[in-house]
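K.L.:
Could you slot chain B onto chain H? The hints should help.
There are 2 protein chains.
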Amino acid sequence: MSPKNAFYAQSGGVTSVINASACGVIETSRQHKDKIGTVFAGLNGIIGALSEELIDTALESDADIAALKNTPSGAFGSCRFKLKSLEENRREYERLIEVFKAHDIGYFFYNGGGDSADTCFKVSQLSESMGFPVQAIHIPKTVDNDLPITDNCPGFGSVAKYIAISALEASFDVSSMAKTSTKVFILEVMGRHAGWIAAAGGLIEDYGVPVLLLFPEVDFDHDKFIEAVKAKVDTHGYCTIVVSEGARNTDGSFLAEQGTRDAFGHAQLGGVAPVVANMIKDALGYKFHWAVADYLQRSARHIASANDLEQAYALGKAGVEMALAGDNAIMPTIERISDRPYRWQVGSAKLADVANVEKTMPLDFITEDGFGITDKCRDYLYPLIQGEAYPDYDERGMPRYIVLQNQLVDKKLGDFEL
Amino acid sequence: MSPKNAFYAQSGGVTSVINASACGVIETSRQHKDKIGTVFAGLNGIIGALSEELIDTALESDADIAALKNTPSGAFGSCRFKLKSLEENRREYERLIEVFKAHDIGYFFYNGGGDSADTCFKVSQLSESMGFPVQAIHIPKTVDNDLPITDNCPGFGSVAKYIAISALEASFDVSSMAKTSTKVFILEVMGRHAGWIAAAGGLIEDYGVPVLLLFPEVDFDHDKFIEAVKAKVDTHGYCTIVVSEGARNTDGSFLAEQGTRDAFGHAQLGGVAPVVANMIKDALGYKFHWAVADYLQRSARHIASANDLEQAYALGKAGVEMALAGDNAIMPTIERISDRPYRWQVGSAKLADVANVEKTMPLDFITEDGFGITDKCRDYLYPLIQGEAYPDYDERGMPRYIVLQNQLVDKKLGDFEL
Numbered sequence: 001m002s003p004k005n006a007f008y009a010q011s012g013g014v015t016s017v018i019n020a021s022a023c024g025v026i027e028t029s030r031q032h033k034d035k036i037g038t039v040f041a042g043l044n045g046i047i048g049a050l051s052e053e054l055i056d057t058a059l060e061s062d063a064d065i066a067a068l069k070n071t072p073s074g075a076f077g078s079c080r081f082k083l084k085s086l087e088e089n090r091r092e093y094e095r096l097i098e099v100f101k102a103h104d105i106g107y108f109f110y111n112g113g114g115d116s117a118d119t120c121f122k123v124s125q126l127s128e129s130m131g132f133p134v135q136a137i138h139i140p141k142t143v144d145n146d147l148p149i150t151d152n153c154p155g156f157g158s159v160a161k162y163i164a165i166s167a168l169e170a171s172f173d174v175s176s177m178a179k180t181s182t183k184v185f186i187l188e189v190m191g192r193h194a195g196w197i198a199a200a201g202g203l204i205e206d207y208g209v210p211v212l213l214l215f216p217e218v219d220f221d222h223d224k225f226i227e228a229v230k231a232k233v234d235t236h237g238y239c240t241i242v243v244s245e246g247a248r249n250t251d252g253s254f255l256a257e258q259g260t261r262d263a264f265g266h267a268q269l270g271g272v273a274p275v276v277a278n279m280i281k282d283a284l285g286y287k288f289h290w291a292v293a294d295y296l297q298r299s300a301r302h303i304a305s306a307n308d309l310e311q312a313y314a315l316g317k318a319g320v321e322m323a324l325a326g327d328n329a330i331m332p333t334i335e336r337i338s339d340r341p342y343r344w345q346v347g348s349a350k351l352a353d354v355a356n357v358e359k360t361m362p363l364d365f366i367t368e369d370g371f372g373i374t375d376k377c378r379d380y381l382y383p384l385i386q387g388e389a390y391p392d393y394d395e396r397g398m399p400r401y402i403v404l405q406n407q408l409v410d411k412k413l414g415d416f417e418l
Numbered sequence: 001m002s003p004k005n006a007f008y009a010q011s012g013g014v015t016s017v018i019n020a021s022a023c024g025v026i027e028t029s030r031q032h033k034d035k036i037g038t039v040f041a042g043l044n045g046i047i048g049a050l051s052e053e054l055i056d057t058a059l060e061s062d063a064d065i066a067a068l069k070n071t072p073s074g075a076f077g078s079c080r081f082k083l084k085s086l087e088e089n090r091r092e093y094e095r096l097i098e099v100f101k102a103h104d105i106g107y108f109f110y111n112g113g114g115d116s117a118d119t120c121f122k123v124s125q126l127s128e129s130m131g132f133p134v135q136a137i138h139i140p141k142t143v144d145n146d147l148p149i150t151d152n153c154p155g156f157g158s159v160a161k162y163i164a165i166s167a168l169e170a171s172f173d174v175s176s177m178a179k180t181s182t183k184v185f186i187l188e189v190m191g192r193h194a195g196w197i198a199a200a201g202g203l204i205e206d207y208g209v210p211v212l213l214l215f216p217e218v219d220f221d222h223d224k225f226i227e228a229v230k231a232k233v234d235t236h237g238y239c240t241i242v243v244s245e246g247a248r249n250t251d252g253s254f255l256a257e258q259g260t261r262d263a264f265g266h267a268q269l270g271g272v273a274p275v276v277a278n279m280i281k282d283a284l285g286y287k288f289h290w291a292v293a294d295y296l297q298r299s300a301r302h303i304a305s306a307n308d309l310e311q312a313y314a315l316g317k318a319g320v321e322m323a324l325a326g327d328n329a330i331m332p333t334i335e336r337i338s339d340r341p342y343r344w345q346v347g348s349a350k351l352a353d354v355a356n357v358e359k360t361m362p363l364d365f366i367t368e369d370g371f372g373i374t375d376k377c378r379d380y381l382y383p384l385i386q387g388e389a390y391p392d393y394d395e396r397g398m399p400r401y402i403v404l405q406n407q408l409v410d411k412k413l414g415d416f417e418l
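Protein chains in written order, with the working numbering: chain H, 1 to 418; chain B, 1 to 418.
So here's chain H without its partners, still in its complex pose:
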C-alpha cells in the first residue's frame, strides 16, 4: 500500500514566519516518504482544497523549501474564508473529504488561528463519520497571540520584536525633536480583540522611554488618558503612545470609528492613530506625529525573532510527527519551562479545547492605571523577542525572499461553486 498524501493550507492573516511552519511540515514529511507521499498545498488556503487547486510541493527543490524559513507571508496563498457550521453547510465539508479522497490525502495540516482550529476539528469529526478518516492536525499561527493552551503563538514573537524596536527607535527620534517640534508620537498596532501586540510596545519603558499603551481590554477614559499624556510630557518632554487598533470606548465602540467624515459626509475609513492624535491636539495642543504599522508589522521578516522562527518551524515539524504517531484532532503547543534562561518544549492540545476560545491579556499583565504592562508581562514577553534571525541579502541590498513555482496538480473532480 502506497503511503497517504498530505494536505497543507495556510489560513487567515499571514505572518513573517508562517512559511517556516510550512517548511517544517514539508521537510519533515520528506524525511518520512514511507509514511507520507506527496504534500499538496492549498492554493490560497482552504479554498484551494474546495476548488481542487492543489499545489504539488514535491516539484520544489530542497533548497527552495528551505528558503521558506527566510520568507515572510504565505508562500501558497492564504484566505479569509471560514467554513460555516456543519449544520449550515455540510456541502463544503463533504467536498473537502471528496477532494481528499480523490487525491488520497490522509493527513490534513491546517496552519492558522482560532477559526481554522475549529474547521480542522470539524474535518476530523466528519471524515471519521464519512468513512474516509483523515488525521487533522492544527499548526498554530497568529500574530494576535490569542490561541488558548499554548504559551504563545508562532508569528507573535516577531511582531512583538518589530513593534518594540520600532517604538524604541521612533521614541529616540521624538526625544530629539521634542524641544521645538513633535512632543507626542502615536503608533497604531494590530490587535482587534487582544492587546498582546500593544503590550510589546510597553517594553520600551525599560529603555527610559515614557510610553502609554491603549489596550482593547481596557475601556478608554478620555480625561484620564489626556491627564496621563500631560504628566509624561511635563516630566520627560515627550511621550510615546502605542495603541491597539481595537482600543474601544466604554460603550464598546471602536475609537477608530468615532465618526470621521470626508468632505461629502461619508464615513471615513481611517486608523485609530489619527483619532488619538487629534484628541491630544485638541486637549493639549501638542505637536504630534503618528504611524500606522499595518502589514509592515506582520511581514517584517527582516527583523524576525529567532525564537519565534525556531518555534514556527518546530510546530510544523511536530505536527507531522504527531500525525505519524497516529494523533488526530490535535494541535502542537509551546510549553514554557522557564523565563530566564528561556526554555520551552513542544506540547499538545486537543482541538476540542482550542476551537473558538480566545485568550486576551490576563489582568495581572496590565498595570493598575491601564496604560502599562507589569513585570509579569515583561517576563512573559522578552523571551519571545530574543534573537535576530536575519534573512540573506542579495548584492543589490534586498532580502532574498523565495517565490515558489506553485504548480497545480491535475484536477480529478468537477467544479465546485464556492
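Hints are supplied without guarantee of correctness; some may be wrong.
[What the hints assert, rightly or not] In silico DSSO-like links for lysine-lysine, alpha-carbon gap of 27 angstroms or less:
1. H:Lys-350 x H:Lys-35
2. B:Lys-281 x H:Lys-82
3. B:Lys-84 x H:Lys-287
4. B:Lys-122 x B:Lys-101
[To be verified] Stretch-level coverage of chain H by chain B, calculated; a stretch enters the list once three of its residues show a Cβ under 8 angstroms from a Cβ in chain B:
5. 7-14
6. 70-81
7. 290-296
Since the hints were derived computationally from the structure, they do not count as laboratory data. Don't be surprised by glycine CBs; every beta carbon is placed ideally from N, CA and C.
P.N.:
For chain B alone, coordinates are given in the frame of chain H:
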C-alpha cells in the same frame, strides 16, 4: 596658544545615521587634540548655542562615542529653528558669535539640510566681519536627499532601504491575501517636495511586485491613477502603491489635505494614505490596507544601509579634516565614481552654491506614465541601500542604543531670549 574648541549641532529632522556623522566629527577631533580642543555639542541643535547650553562631549567615553554609530536619532537633540535673515535678525547671529567667543570656539560643524547650510554660510560670513573668524563647515544630512551638488545625502540610503524592504514584505503579504481579501496596499512615505523616498519603493518591481508610485514631482491625475490601479489588479491580482506625503493635485494642493472632517466638521489632520485608499475603494471597491511609516522610516537603525552609515561617518570625519586644512564655508560631498561596483569619494561644495537649492527627482528618473522609476533611477538607488549595518542586541532581544550623559558646561554669559 591652546587650540580652539569646536561646536557641533544637529539640525532639523533626524535620521538613523546622523549620530554616525557626530561620531565622525568627535572621533576625528579627538585625534587632533593639538588643533581642536573640546567639541561642544548644542543641546537641541542651534538653540543650544543661542541659549548657551553646550554639552561637553569630552566627558563621554571613547566607547560611548563609538556607540553613536549604532544609535538612531539625534543624540544631542535637534531642533526645527531657522535663523532669520541677517537683515531681519542680526541679533541671533551676533549672539552666536558672542557664545563662540566666550567658549573660544573656532570651528562650527553644522549637521543638517538645506536651511542649516544657509545658516552655516551666514555664520561664516558674519564671524569674519565681526572680527572673530569661525570656520563654518556644513555636514550634510537629510532623508529627503534634496541637497544639491552631493550625489546623495547621508540618511537617505537607510530610509530608502527601509522603504524598499518594507514595501516588498508588505507586498508579499498582500499577494498572499488577495484572493479573498486585501487587493491594494498603500504605503505613505516621507517627502514633502521631492519623491526620492517614494522612488525607493519602485525597486520592488524588480522583485515581481506590481507597484505604482505617486511623486510630488508629478501632478496627480485621478482617472489615470484609478485606471493604472485597475490594470495592475487585473493582471497580478493585487497592487502596491507607495505615495509621497507631498503628492499633490494639479492646482498644487496636497492630496492629504483634501478636506477630511471629523464628526463636528473640523478639518482632520490625516495622512495621504487613507485618502488614496478611500479613492480606490470609491472607484473600484477593492479591499485595501494602508500604512503610514512616518518616524519609523527615518529612525530604523535596525536595518540601516551599510553604505549610508559609512558615508555619514566619512562626511563627519571629512568636515573636521577640511577645517584642519583651513577650509571655511564649505560642505563635504559624496562624489560617485561608478555604479557597479559602487565606488565613491569625498568631494566638497561651497556653501554659497548649496544654500537654499533643492534637488528634486530628475525627470529621466521617472517613467513616462509618472508612476514608476527608470533604469537610470534604479542604477542610482541600489548602491545607496547596499549592505546591512546591524546594531548589537542585548540579551533581552532589543538593540543596544546609547543615551549619552549630555552634561552642560557652565554658562559664561547672560540669558538670551529666543
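K.L.:
All the hints need checking, so say for each whether the structure fits it.
P.N.:
Hints versus structure:
A C-alpha spacing of about 23 angstroms is found between H:Lys-350 and H:Lys-35, which places the hinted pair at or below 27 angstroms, so the restraint holds. Simply put, B:Lys-281 and H:Lys-82 have alpha-carbon atoms about 24 angstroms apart, close enough for the 27 angstroms limit, and the pair holds. This hinted pair checks out: B:Lys-84 and H:Lys-287 have alpha carbons roughly 22 angstroms apart, not beyond 27 angstroms. This hinted pair checks out: B:Lys-122 and B:Lys-101 have alpha carbons roughly 17 angstroms apart, not beyond 27 angstroms.
Using a Cβ-Cβ cut-off of 8 angstroms, 3 residues of the segment 7-14 of chain H lie near chain B, which meets the minimum of three, so the contact claim holds. Remark: the segment 70-81 of chain H is confirmed as covered by chain B, as 10 of its residues place a Cβ nearer than 8 angstroms to a Cβ of that chain, reaching the required three. For the segment 290-296 of chain H, the stated coverage by chain B is satisfied: 7 residues place a CB nearer than 8 angstroms to a CB of that chain, which reaches the threshold of 3.
Hint violations for this structure: none, all hints satisfied.
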